[in-house]
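Could you build all of it, start to finish, from the sequences and the hints given here?
Number of protein chains: 2
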Amino acid sequence: MTRVVVDVMLKPEILDPQGEAVVNALPRLGAGQVASVRIGKRIELEFTEGTDEKVMREQATEIADKLLANPVIEDFTVRLPDASEAEPTA
Amino acid sequence: MTRVVVDVMLKPEILDPQGEAVVNALPRLGAGQVASVRIGKRIELEFTEGTDEKVMREQATEIADKLLANPVIEDFTVRLPDASEAEPTA
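Line order of the protein sequences matches chains A and B.
With the working numbering, you'll find the first sequence wraps up at 90, consecutive numbering, no jumps.
With the working numbering, you'll find the second sequence wraps up at 90, consecutive numbering, no jumps.
Keep in mind the hints are simulated off the structure, nothing from the lab.
A hint or two may mislead.
Identical copies look the same in the list; a pair holds intra-copy or inter-copy alike.
What the hints assert, rightly or not - Derived pair list, reagent style DSBU-like, types lysine-lysine, alpha-carbon separation capped at 35 Å:
id	residue 1	residue 2
1	Lys66	Lys54
2	Lys11	Lys54
3	Lys66	Lys11
Keep in mind that this is a model prediction, so the values were computed, not measured.
Here you go:
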């Protein structure tokens, strides 16, 4: 597995107007049990075959820190995707 | 756990200009082992306490299908986040 996922989300204290817009649209769908929605970015970094996991994590963290996330308003998480993420639901 | 994550990514055959822009910026960071970058959306749906997991998955799939993903150019995956996603890396 040579793929690393970087998830970038707004910090909890930051207002999420996109998420609010989705919440406001939910009653039309009858999805009453959803309390809140937060929307962020998912970035998949594909590394060349054989790259060491430690190197992948370090490079992904540096790329996220410098290019992908705005540290003032966003947090990011670097992780290896699990099997359930491989196949799209639809 | 009452949170469900919906990952929305462009279909593989669709060009990803945002991802290309990141790839082009990587040499400046010295991140030579990254072969490709794909950028999509991560949506966290927080359900009210005690909602049954099956109901959460069904509602999240319907919301993704109708509101969050464009079926012509995007695929989506519905899943429960694993422990590594709870704590931001930075």
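Any hints this thing doesn't respect? Which numbers, in order? none
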